[in-house]
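Peer 1: Each chain, written out:
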Amino acid sequence: MTKFTRRDFLKGTAGTAVAGTLGTGSAMWAQDAFAQGKWTPEKGAKLRVLRWKRFVQGDEDMWLANTKKFAEKFKVDVRVDSEGWEDVRPKAAVAANVGSGPDIIISTFEDAHQYPDKLVDVTDVCNYLGGKYGGWYDVCKEYCTEKGKWVAVPMGCAGNSVVHRIGAMKEAGFSEFPKDLAGFLKLAQAYKAKGMPPGFALGNATGDGNVWCHWLVWSHGGKMVDQKGNVVIVSPETEAALNYGKQLYDTFIPGTLSWLDPNNNKAFLDGQIGMTTNGISIYYAAKNSTDAKIKAMVDDIGHANLPVGPAGKPTELNLFFPMMLFKYSKFPNAAKAYLAFMMEKEQYEPWQQAAIGYVSHPLKAYEQSPLWKSDPKNIPYRDSMKIMLPNGYSGPMGYASAATMADFIMVNMVAEAVSGSKTPKEAMDRAKARAERYYKV
Amino acid sequence: MRRLLDNRHVLGLLFMLPAGVLLLVFLSYPLGLGTWLGFTDTKVGRAGIWVGLDNYKFLWGDEVTRLALFNTLFYTFVASVIKFVLGLWLALLLNRHIPFKSFFRAVILLPFIVPTALSAIAFWWIYDAQFSIVSWVLVKMGIIDTYIDFLGQPWLARLSTIAANVWRGVPFVAICLLAGLQTISPSLYEAAALDGATPWQRFRYVTLPLLTPIIAVVMTFSVLFTFTDFQLIYVLTRGGPLNSTHLMATLSFQRAISGGSLGEGAAIATAMVPFLLAAILFSYFGLQRRAWQQGGSDR
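Keeping their order, the protein sequence lines are chains A and B.
Residue numbers 1 to 441, in our numbering, belong to the letters of the first sequence in order.
Residue numbers 1 to 299, in our numbering, belong to the letters of the second sequence in order.
By construction, these hints were calculated from the structure, which means they are not laboratory data.
Every residue, glycine too, gets a C-beta built ideally from N, C-alpha and C.
Any given hint could be a false lead.
Simulated pairs of lysine-lysine, DSBU-like, Cα-Cα distance not exceeding 30 angstroms [as the list claims (entries may be wrong)]:
1) A/293 <-> B/57
2) A/440 <-> B/57
3) A/228 <-> B/57
4) A/266 <-> B/140
5) B/57 <-> A/432
6) A/364 <-> A/246
7) B/57 <-> A/295
Here are some chain B residues the structure puts well away from chain A; computed CB gaps all over 10 angstroms [unchecked claim]:
8) 53
9) 145
10) 194
11) 197
12) 280
So here's chain B without its partners, still in its complex pose (with noise of 0.2 angstroms):
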């Protein structure tokens, strides 16, 4: 026995007993259950029987489906890109000297801290067909005349449930660029700005460079935050108007738990997997390019 414990390989696996037990626990076996699930027609409160691909065949030519995964990738695509540029931006302003920074990068955080269901029901009174402030605003001001209908045409509610998810999505970016923008060190300015580099070469060839490891991070995060958006959706329009709103995640409930259909839900949600598989190997391939950021080039 002590023989055998005094083995590192022995030991090793012992040690990591413990966190392989909660992954598979509570990672591997829903994965793997939710995965089975997508094969089968269980429904809520009834076993089901093993069906195939019968569900995806199904939800390959459901054109409710179909328009669920193109609001999604539309959705994650807009919000991630405008919360990258905006974040961007807003971590470039705070790692400057200003007054009160601390207030400032304090209050950024705020649409971050406040739950996301509490901030979308705001929202959802600022999008409100008869009530919205906004519309209120612009017909006082003279601008229009009639109430804007942002969550009653489809196009305007999909900006209009992008705009809410950038708002409350840019803190997370933001912060942690900034975070990322610390960890260079001022004496590369320095070096840039004594060879006569302008700010945008300074940018370019200095901060890009060495924040592009903390980008792969957030973006990796913040596409994956997006992709799987539900409570937003399910408050502000429940996927409406026409279905023009229903991302992957709230069909999967939808049909999941309201409709009992827990086989086909399963199936929706396991066909959001390898999408996001692909960000994430898009973001760990494309964006983690070492040779650039020492300044050589990638071959």
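If we strip away everything but chain A, and leave its shape as in the complex, we get (with noise of 0.2 angstroms):
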């Protein structure tokens, strides 16, 4: 029996005679539009969104221009509420835990494995995007399935890079961007001994101290914990890290133990450092400043990815966020037509493209998004999501290693060695006896 579909038979006929009627560019949409009958949203269907806060204000615009898109078309309801992004998620955990809040919350890291079984199996949603889009990245299913099920989908990640002063880098004698550590720590010695010395946060900074200071372990090879989610974070790998850190440290502009996460954007634009990591947004603020000085450091503005270490491969931790719908909601077929439609090109791209790049894509298609190929500084946030690794790495992901990440064990440990206030073997004890307390249950 052949199977005819109403999408085949509309496919067939409705989107030539639209082709005919209106151009071929929305007959493409018109094709678009009718996959996503697979989810046909319920009468009267009403949504609640919770997000976390733009870093950039033309992702909110777009992102509630999408979403009105979709209300008009899909005759759905849908109400986006933001919250800054360290408050999303234990609103999160109290909506799964109380059974009632948003429909669709868009949280960070982790949250999925945390409450699983409190969400909706979205992997109808996950393959049909998948197949259409060329396949998500390794790591979104690290984050969102469970037993092989999808249990969240992947919006993509908030990417870092190494930001600095391409000027001074090939004064010092470098004609790109070194790929390993020795000639990152060169490259750092050489920025200081210009007087533009790099400067990496070290202080509680939830993103930016996170992220740099699980790269310096885990390219070394060292982690928190093995594949069981046994705390391994006492070896030779990580005591080479923080020894190596401590190198770099010593390159680095006084005062990064109290940095936060807006300390460094503030110093590079000021010329005070050359070298940071950071999101795309120092870059970007500095393309439309109105100040001359700043202004002219635009060209001079390099991005690129961390090196890679005794690891072997690509080490770096982002800011991902996973979409969860949760299984009180009314309105789960809304939600998904929902959930797919903002993940469509039509979509994502012009919301991509109005992020800035602020937000890495999850599907693999989109890094033909033009988006990236406007700028080639773009490039190093196009490939975050493809080269990052899972929080946690490489043990099982859920609360243990949320709360690990929250209390800051990683990047404490970094700290205290580097700064030289803890001999390397203090700081990885005392980071295992925090660590293993969260990993017991």
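With the hints as a guide, dock the two chains, each given alone in a separate frame, to form the complex.
Peer 2: Given below as structure tokens:
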């Protein structure tokens, strides 16, 4: 028996009909829209979406515009609320526990692993999107699947990369950004000699501190836990990482122990530091600055992925965003349609563009997005999802990995050791004791 | 029914009911719940089971918690003493006949009126490792040649946060003590002057004894506010560097809300209660010395 579905029929007839009247662009649009017929929103459906508050205005504007498009097309009322990204997490946990709240919550990191049984299986949505857009990057599966089922739809991540000054690097004799640890350290020393030292956050900086400290340990082959969740942070690899970090720290600008997330942006744009890790926001701020001095910096700002160490592969940590649909939602089909709709090319690409690359895509096909071609300096951010490791690598994700990060165990360990307030051995032991508390449950 | 309502005991209970319900719902219940959570391993989003003193045992052995306890006691003690001395001094000055008295009194209150989060952000810039105005001025004047790392070195960070707390807390102490000073009858000072008392004696034997009840209340509040401070630290350092400015309140938040360990966070918060009680009892029994206020001695 040949299956001839309603969709096929429509593709064949209405699609061409529309194409005839409205042109090819609309025809493609129509096809995609029909593909969405897969999830017919419930009658009178109303959705509440809670997401993290935008880092750049364009993100929010375009997200809301896309939402409006969905609402009009499918006659579904959608309300989008935003909260600071660090506040979404506890709210999502409470919603999961209490069994009421927003239908969809766009949260951070491994939230989908903290209460997978409270989430709707969205395998159909993810398979559909993955099939259509070249598949998901591997890390998406780690963050969003549980026992072979997708429990959240990956939205992407806020990518991080090295932000540095090209001129000073070239003057120091580097034709391109070093790809190994030895070269990276040499470059840091060169920046310091030029009076433009590096600066990496070592305070309790939720974003920047965690990102580079995890990279430091992972790149040397150290990790907090093994695959079974046993704490294995005390290791020669971690010790090597801390000793390397100490050499790196010696090149830093004074004051990084107190740095929170915004400090490196300010110091970089003021020309005080020559290298840091950050989202694309520094470059964007320079581009849009009205201050002539900052504007002049634009051409000199370069981006690069963090170097690869003995671990033999990129070991970056980025702020990942899962979109979770809760079981208590009365309108799961409307919600699935919404999730699929927002991830479709027609919505996702303009949105990513409006967010100026702040969000790196989870679907491979979006590598071809015009955003990444518009400026070669965007490229390191393009690959964020491709090269990152999941939080709590290489152990299971869940409550323990989340709590370990929230308690700044990795950051504190690195800060203690590199600043010399503790020996690497003491710092590792302390980290082990603290992490074991979380991993014992 | 009518007879029942005429009964003064029943009526009294009835009138107290709304207040009782309010206290029960908004004070006793959360406090009780918090204490109970401290004995469980509840996570955000997952109900826990009773674990007895497990949380407290862990916290006792946890270096970060111990450090936070030390930080909190140090922060509270130093900041409260400075706030008291400066506040009393300001109150005494403002109690004199000075030109533009009302204006000065209003200005003094400003740090107290500004929302803490805002003043904390101002301090965050003042203490910035790269952009500190204080360092900038000192460098320009040639007194130092590198910027001061206010929040980057453990002890300096502790003192810097205390300074910010004092700046914010002094007006409260000063204005309350000023109110207390104004209730002291001028005739007492006249009498003392006639007896040939020196200014110091007038302060020591008239002002201070009559002011102690107010001091007791003000300092109790001041200690409570300082001990439970959160916003200032959260904005300035988030407890860093190396957890050297983590207070019990900020650590409790970090563990309970960001970290999801509601039980452990609640235990940290509950562990603050005995210290707060001790502070209250101290001011209650230590400073309410009625006999002394009336010129006698305590015993």
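Peer 1: Evaluate each hint against the coordinates.
Peer 2: Structure-based check of each hint:
no., hint, verdict
1, A/293 <-> B/57, "56 angstroms, violated"
2, A/440 <-> B/57, "15 angstroms, holds"
3, A/228 <-> B/57, "26 angstroms, holds"
4, A/266 <-> B/140, "21 angstroms, holds"
5, B/57 <-> A/432, "18 angstroms, holds"
6, A/364 <-> A/246, "37 angstroms, violated"
7, B/57 <-> A/295, "56 angstroms, violated"
8, 53, "15 angstroms, holds"
9, 145, "12 angstroms, holds"
10, 194, "58 angstroms, holds"
11, 197, "51 angstroms, holds"
12, 280, "31 angstroms, holds"
In terms of the numbered hints stated before, the structure departs from hints 1, 6, 7, listed from lowest to highest.
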